[in-house]
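Position 506 (the sequence shown) corresponds to 505 in numbering that gives the first Met the number 0; numbering is contiguous.
Calculated from the structure, these hints are not laboratory results. Errors might be hidden in some of the hints.
Unchecked claim - Derived DMTMM-like pairs: lysine to aspartate or glutamate, alpha-carbon spacing no greater than 20 Å straight-line: (1) K496 / D70; (2) K187 / D216; (3) K302 / E278; (4) K52 / E521; (5) K302 / D285; (6) K367 / D353; (7) K18 / D2; (8) K446 / D387; (9) K446 / D466; (10) K49 / E64; (11) K332 / D152; (12) K287 / D203; (13) K200 / D152; (14) K496 / E528; (15) K52 / E40.
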Amino acid sequence: MTDILLIQPPVRDFYLTAKRTIPYGLSCIASSLLNAGFSVEIFDALATSKSRKLQFPEEMAYLDEYYGKEDVSPFALFNNFKHFGYGFERIGKKAAKSGAWLVGISSLFTPYAGYALKTAETVKAFIPSCKTVLGGHHPTSLPESIMKNGAVDYVIRGEGEISMPLLAGAIKTGKSLDLIPGIVFRGKDGGIKINEPAVIKNLDDLPFPATCYLKQDFYKRGNSASAVISASRGCPMKCSYCSVGTSSFNRYRRRSVESVLGELENLMNENKTAFIDFEDENLSLDRKWFIALLNGIKTRYGKSGIELRAMNGLFPSSLDEEAVMLMKEAGFKTLNLSLGSFAAAQLERFCRPDVREGFERALLFAEKYELNAVGYIIAGAPFQNPEDSVSDLLCLAGRRVLAGVSIFYPSPGSPDFKLCDKLGILPETFSLMRSSAIPLSHTTSRKQAVTLLRLGRILNFMKSLKDSGIEIPAPSSQIAKTIEIGDRTNAGIELLKVFLHDGKIRGLDRDGTVYEHSICPETAGLFVEGIRRTELRGFRI
């Protein structure tokens, strides 16, 4: 029998990237609970290759115009909406078998909040006597909406390593919850009591995550383990689209270099980890600290073959030549660079520092030290125009970098969420607050936004041809009715020829039949016109 069961719920979406779903936060909370004397289990409902196709949810019916027909070409976006992970009945049975009297459920991302609530309802159906608590970014920002569900007994706002052991202790002893930081609960009068978010002052005081409770085999890359590490929390910046910057309670704090290296040592010793992603918002922001960390990793693991990434994105202006050189020596193979936009006015709207010069410099260093690079731009934000987004793509076309196009969505707790609310353009349901749902249609229309996504795919395909030594084909008016799909590269080239001629983006069904996607012709035309004048570069070293 277990005191506390921690659950990562299943999700429903068009795609899932397994290496981004390692439940690091639950392993951190588990470690704090163990230190407090409680027995713990983690059930990761995403740690399975199981998935099943679903109909588009009713609120996403408008996406049928863009994703409704399967596309097997290199320019494909999304098609199948799926349930990823175990079914809810399996979760209920696991909870019942555990015998837990407290069940903690992770609810990190707003579009998946409904599945976290469904998990709570299922747990209650199987073990009505247990208490349930939801934590994560979404409950922290919108606790009242979560507490409307009667299957949820508590919400944790902020950092669960503090609140969860205190909550468990209070439940066990019958003590008051009034003074526990981060706890949201129902008072005796039925009203919702919301305590201030829990914030850890010194991150080094926390025990290392209990990664032994995770399903390590599922997250392997080949024969080697994968892991994530958070070396800092919060962010000192004011980016309008972000919910963890200065607008949030979550002030910026870093762990000591020794603490991070100690956690790395644990991972290497226990699991022979070969791939580690730093989940920080600003890993490289403090240069002195970052250089010390890289030197420490290089000294201990520089020859081990370990691969490091920072997939949340690096602040380009923080990367000088020494830092990039040390990143290469420590095990980085790719720089994930957060750009936002090349347009000065848009960077100002994003309340983002002008990183354009730093971005250019980081790319030069990446090329010098033989690192690949990804440059992330945002499209479709309030008051952002599609012409600037096309210009962003063309700027990336002429640089040795992979184009990462992120369609804007309003994140609860961010300044832009409040702006969208004020403008009356918030999506009707939480489930639509994801990039793949193309949630807004403001100064960039939904059709223009999906066109920009497809143009990003076309651009990266053209870059891959360049890297492979294949010439970009000349425009052609000859449109085949069917194309052999056995060779996706050749199929892509055939579609590219006619796209460069008429600006229409086409896809292929499984029979090789060519069809047109629903796009904005003016937006695609701007790209075609601009790419003809651009000296295209690849993205691979």
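Here's how the hints hold up against the structure:
1. K496 / D70: Measuring from Cα to Cα gives roughly 18 Å; hence the hint holds.
2. K187 / D216: Roughly 46 Å between the alpha carbons, so the hint for K187 and D216 is violated.
3. K302 / E278: Violated, because 23 Å separates the two Cα atoms, which is more than 20 Å.
4. K52 / E521: violated (34 Å)
5. K302 / D285: violated (25 Å)
6. K367 / D353: The given pair, whose Cα atoms are some 23 Å apart, is violated under the 20 Å limit.
7. K18 / D2: violated (29 Å)
8. K446 / D387: holds (16 Å)
9. K446 / D466: violated (30 Å)
10. K49 / E64: violated (28 Å)
11. K332 / D152: violated (45 Å)
12. K287 / D203: holds (18 Å)
13. K200 / D152: violated (27 Å)
14. K496 / E528: holds (14 Å)
15. K52 / E40: violated (29 Å)
The structure is inconsistent with the numbered hints 2, 3, 4, 5, 6, 7, 9, 10, 11, 13 and 15, although it conforms to all the rest.
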